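Q: Can you make the complete structure from the sequences, with help from the hints?
Going from the sequence shown to our numbering is simple: count from 1 and add 11.
Keep in mind the hints are simulated off the structure, nothing from the lab.
Predicted model only: the values in this text are computed from it and were never measured.
Wrong hints could be hidden among the right ones.
Below, a list of computed lysine to aspartate or glutamate pairs in the EDC-like style, where the Cα atoms sit at most 20 Å apart [to be verified]:
1. 30 to 54
2. 30 to 67
3. 59 to 72
4. 85 to 54
5. 85 to 72
6. 21 to 99
7. 21 to 67
8. 30 to 77
9. 38 to 55
10. 38 to 53
11. 38 to 72
12. 85 to 53
13. 97 to 72
14. 21 to 90
15. 38 to 54
16. 21 to 72
17. 93 to 83
18. 38 to 62
19. 38 to 67
Derived Cβ-Cβ restraints for the label pairs, each shown as a range [as the list claims (entries may be wrong)]:
20. 17 to 82: 33 to 39 Å
21. 16 to 80: 28 to 34 Å
22. 31 to 100: 17 to 23 Å
23. 16 to 81: 27 to 33 Å
Note that the Cβ used here is the ideal one computed from N, Cα and C, for glycine as well.
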Amino acid sequence: MKDYLRISGKTAIVTGAAKGIGFGIAKELASYGVKVMLCDIDDETGMKSTEMIRSEGGTAEFCHMDIFLVEDVKRVVQETLKAFGKIDILVN
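A: Next comes the structure, spelled out in structure tokens:
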């Protein structure tokens, strides 16, 4: 049923992904086979959310990011490319 989106194998960066709507989006994308880089300023919750996605069979990594710091944004892009090789989707 989820095949119509054809996003399996894509890579997404999701900001604010430690909890709430951001986490819900990251979890749903992972359920479609998307490799997800979860980003948030809350490292502890972000890591727990990443582990939850992994425990359900998803591919996910976590990277600390303050969206107001350009250097953090650049680092997340580099870490995502290092982990997954490409970026297809950005959810901010």
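Q: Measure nothing beyond the straight line between the CA atoms of residue 38 and residue 53; if it is 20 Å or shorter, mark the hint as holding.
A: Roughly 17 Å separates the two Cα atoms, so the pair holds.
Q: Given the hint that residue 30 pairs with residue 67, test it: the Cα-Cα distance must not exceed 20 Å.
A: holds (16 Å)
Q: Does the structure keep residue 21 and residue 90 at a Cα separation of 20 Å or less?
A: OK: residue 21 and residue 90 at ~16 Å, within 20 Å.
Q: Quickly compare the C-alpha distance for residue 30 and residue 54 to 20 Å and report which way the hint goes.
A: Status holds; Cα separation ~11 Å.
Q: Hinted pair, alpha-carbon criterion (20 Å max): residue 93, residue 83. Please report holds or violated.
A: Answer holds: residue 93 to residue 83 is near 15 Å, not above 20 Å.
Q: Would you say the C-beta atoms of residue 16 and residue 80 sit inside 28 to 34 Å of each other?
A: holds (32 Å)
Q: With a cut-off of 20 Å on the C-alpha distance, tell me whether residue 38 and residue 55 pass.
A: Given that 20 Å is the threshold and the Cα spacing comes to 17 Å, the pair holds.
Q: Please verify whether residue 21 and residue 72 have alpha carbons no more than 20 Å apart.
A: holds (14 Å)
Q: Straight-line Cα separation of residue 38 and residue 72 no greater than 20 Å?
A: holds (12 Å)
Q: Does the structure keep residue 97 and residue 72 at a Cα separation of 20 Å or less?
A: holds (14 Å)
Q: CA of residue 59 to CA of residue 72, is that 20 Å or under?
A: At roughly 11 Å apart (the allowed maximum being 20 Å), residue 72 and residue 59 satisfy the hint.
Q: When you check the alpha-carbon spacing of residue 85 and residue 54, does it fall within 20 Å?
A: holds (18 Å)
The structure shown violates none of the earlier numbered hints.
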